[in-house]
Amino acid sequence: MPVYRDDCVVLRTHKLGEADRIVTMLTRQHGKVRAVARGVRRTGSKFGARLEPFMVADVQFYEGRSLDTVTQAETISSYGAAITADYASYTAASAMVETADKLSEAEAGLPQYLLLVGALRSLSRGEHGASLTLDSYLLRALSMAGWAPSFHDCAVTGEPGPHSAFVVQLGGVVSDSVAPPGTPRLDAQTVGLLSALLTGDWARADASDQASRSKASGVVSAYTQWHLERGLRSLEHVDRSAQKEQRQQQQQRQEQQQRQEAAS
Numbered sequence: 253m254p255v256y257r258d259d260c261v262v263l264r265t266h267k268l269g270e271a272d273r274i275v276t277m278l279t280r281q282h283g284k285v286r287a288v289a290r291g292v293r294r295t296g297s298k299f300g301a302r303l304e305p306f307m308v309a310d311v312q313f314y315e316g317r318s319l320d321t322v323t324q325a326e327t328i329s330s331y332g333a334a335i336t337a338d339y340a341s342y343t344a345a346s347a348m349v350e351t352a353d354k355l356s357e358a359e360a361g362l363p364q365y366l367l368l369v370g371a372l373r374s375l376s377r378g379e380h381g382a383s384l385t386l387d388s389y390l391l392r393a394l395s396m397a398g399w400a401p402s403f404h405d406c407a408v409t410g411e412p413g414p415h416s417a418f419v420v421q422l423g424g425v426v427s428d429s430v431a432p433p434g435t436p437r438l439d440a441q442t443v444g445l446l447s448a449l450l451t452g453d454w455a456r457a458d459a460s461d462q463a464s465r466s467k468a469s470g471v472v473s474a475y476t477q478w479h480l481e482r483g484l485r486s487l488e489h490v491d492r493s494a495q496k497e498q499r500q501q502q503q504q505r506q507e508q509q510q511r512q513e514a515a516s
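Note that the numbering used here has the sequence shown beginning at 253, numbered continuously upward.
Certain hints may be false.
Said to hold, decoys possible - Pairs of lysine-lysine, DSSO-like flavour, derived with a Cα cap of 27 Å:
1. Lys354 to Lys267
2. Lys467 to Lys298
3. Lys298 to Lys267
To be verified - Restraint-style ranges between C-beta atoms, simulated for each label pair:
4. Ser330 to Asp453: 46 to 54 Å
5. Leu362 to Ala333: 21 to 29 Å
6. Val430 to Ile274: 26 to 34 Å
If you're looking for bench data, these hints aren't it; they were derived computationally from the structure. We put the beta carbon where it would ideally sit given N, CA and C, even for glycine.
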């Protein structure tokens, strides 16, 4: 059909001519779509703000030979303003959408779309530390793409864990019998945090200390960039400030305490 509609999350935009933009979106049903949005850079554009990065919209397209054309756009969720107001959230979201752009092609499925929308929603609400949310998204997105890391059993032999040797190229933790000489070792707290981020165990992730978070972030970054085969430009700008994370952790504990007091 020449015209179709879909729910989309905007990944990135590029200028085209004097008033148009090329918008790259991850859709619910059609995978990654690149489309021209006519006139969105004009002041009077009726849907320009709805097609900014991190926004979720219901979009109508007209099929074209090389690029589709956006004919309508209605906001579903406006995450952009809250995310861009906080530098840590903005840099984390930028790394997320760049990852989604690299992982998702025309055959990308619904799970990748839902994962990205959920991660952006969490960032906009400040539910967890921005760095934790990013690391969890990266691990889960890679798992959906077929690169699930192992943080308990040996990734090579399947030998039951726990294991402390971690080898990016081999897919996770490995037993001592197959670990190459000089393989870096991870302490139990860091391995536990990585496992929690992969499975969505937020109670354990939020309770982690800053040292474990920093180590886990290094592991996630190395694992992500190895499997994508190209570096993520936005990843080097991610704000992983310890002070920022500590403030968020303290705020989360205070909110939890207030909820418990209200319930009692």
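Quick rundown of the hints versus the structure:
Restraint check for Lys354 and Lys267: the C-alpha separation of about 20 Å stays at or below 27 Å, so the hint holds. Among the hinted pairs, Lys467 with Lys298 is inconsistent with the structure: their alpha-carbon atoms are about 46 Å apart, more than 27 Å. Under the criterion of a C-alpha separation no larger than 27 Å, the hint pairing Lys298 with Lys267 is consistent with the structure, at around 17 Å. A beta carbon spacing of about 29 Å between Ser330 and Asp453 contradicts the range 46 to 54 Å that was offered as a hint.
Checking the proposed 21 to 29 Å range against Leu362 and Ala333 shows it holds: the Cβ atoms sit about 26 Å from each other. In this structure the supplied range 26 to 34 Å is violated for Val430 paired with Ile274, their Cβ-Cβ distance being about 47 Å.
In this structure, the hints that do not hold are numbers 2, 4, 6, in rising order.
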